[in-house]
Amino acid sequence: MINKGLSNHFQVSHTINMSSMTPSGYRFGATYVGTKQISPNEAFPVLLGDIDPNGNLNAHIIHQFGQRIKTKFVTQIQNSKFTAAQFTTDYKGNDYTVSLTAGNTDIINESGLLVTHYLQSVTPSIALGAELVYQYGPTVPGGEIALLSAAARYTGTDAVVSGTLGGCGLHLCYYQRASEQLQLGVELDTNFRMQESVATLGYQVELPKADLCFRGMVDSSFTVGAVLEKKLQPLPFSFALSGSMNHNKSQFRLGCGFIIG
Numbered sequence: 001m002i003n004k005g006l007s008n009h010f011q012v013s014h015t016i017n018m019s020s021m022t023p024s025g026y027r028f029g030a031t032y033v034g035t036k037q038i039s040p041n042e043a044f045p046v047l048l049g050d051i052d053p054n055g056n057l058n059a060h061i062i063h064q065f066g067q068r069i070k071t072k073f074v075t076q077i078q079n080s081k082f083t084a085a086q087f088t089t090d091y092k093g094n095d096y097t098v099s100l101t102a103g104n105t106d107i108i109n110e111s112g113l114l115v116t117h118y119l120q121s122v123t124p125s126i127a128l129g130a131e132l133v134y135q136y137g138p139t140v141p142g143g144e145i146a147l148l149s150a151a152a153r154y155t156g157t158d159a160v161v162s163g164t165l166g167g168c169g170l171h172l173c174y175y176q177r178a179s180e181q182l183q184l185g186v187e188l189d190t191n192f193r194m195q196e197s198v199a200t201l202g203y204q205v206e207l208p209k210a211d212l213c214f215r216g217m218v219d220s221s222f223t224v225g226a227v228l229e230k231k232l233q234p235l236p237f238s239f240a241l242s243g244s245m246n247h248n249k250s251q252f253r254l255g256c257g258f259i260i261g
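Residue numbers (the numbering used here): 1 to 261.
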């Protein structure tokens with residue numbers, strides 16, 4: 001991957017992907033960041049996307065109206081057809097957040113997906129919320145389906161605990177920043193319908209003096225994965241090496257990346 005900044009607001013990228021698992025080839029990407037400064041780290045609008053020689057396109061448009069409303073539009077074009085489209089609006093109140101997402105809405109075939117979230121801060125450390133998912137269309141059993149889930153989150157000084165509970169399953173997460181260099185995370189995902197549970201342990205180690213970052217994970221299905229990222233100072237280069245091993249299926253994957261810019 002080669003990243004090139006053409007100005008303070010515009011950047012282009014060139015990516016060559018070689019893989020036996022996903023389609024290989026070249027992709028051109030571009031990113032534009034507007035002049036509406038919301039915070040020291042945020043400016044809008046943001047337009048970004050990438051395209052391959054066959055015309056397959058991925059595009060994102062993000063914009064914030066005032067201090068409370070943020071919108072995001074994502075679309076994907078494959079073989080000259082719209083294969084995916086999603087529009088999201090977030091409203092941030094003083095102590096709550098409301099989000100509404102509409103995905104793959106098809107007026108002709110009368111199909112689509114609607115998702116709404118609500119998160120309320122009860123105390124400075126505790127937040128409670130709910131999620132409602134509604135899907136309709138001719139391919140949905142009964143023509144429509146709705147799923148309701150409850151959520152909770154606790155935020156401490158160096159730790160975050162969150163979870164969701166619904167008719168389909170249970171999801172629990174725990175994150176701990178052990179030190180300036182070490183971060184840990186544990187995740188439990190349970191599917192009631194499939195009667196399956198997967199527990200995952202992940203960690204990240206950063207060595208700023210060596211310009212090195214290492215991330216690793218292991219789960220209860222005997223899958224082990226790791227990513228090593230190294231900045232090649234003083235050159236504007238970064239090297240990444242990743243690997244994944246599934247002992248149950250005897251599958252091993254190895255990848256490497258080189259980023260310029």
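In short, the hints are calculated from the structure, not lab data. Any given hint might turn out to be false.
Unchecked claim - In silico DSBU-like pairs for lysine-lysine, Cα to Cα no more than 30 angstroms straight-line:
#1 Lys-72 <-> Lys-4
#2 Lys-72 <-> Lys-36
#3 Lys-36 <-> Lys-70
Unchecked claim - Restraint-style ranges between C-beta atoms, simulated for each label pair:
#4 Val-161 <-> Leu-235: 39 to 45 angstroms
#5 Val-205 <-> Cys-256: 17 to 23 angstroms
#6 Thr-89 <-> Ser-19: 16 to 22 angstroms
#7 Ile-69 <-> Gly-202: 53 to 59 angstroms
#8 Gly-169 <-> Asp-90: 33 to 39 angstroms
#9 Gly-169 <-> Glu-42: 42 to 48 angstroms
#10 Ile-16 <-> Thr-89: 34 to 40 angstroms
Yeah, the Cβ is synthetic: ideal placement off N, Cα and C, and Gly gets one too.
(request) Report the numbers of all earlier hints that the structure fails to satisfy, in ascending order. (result) 6, 7, 8, 9
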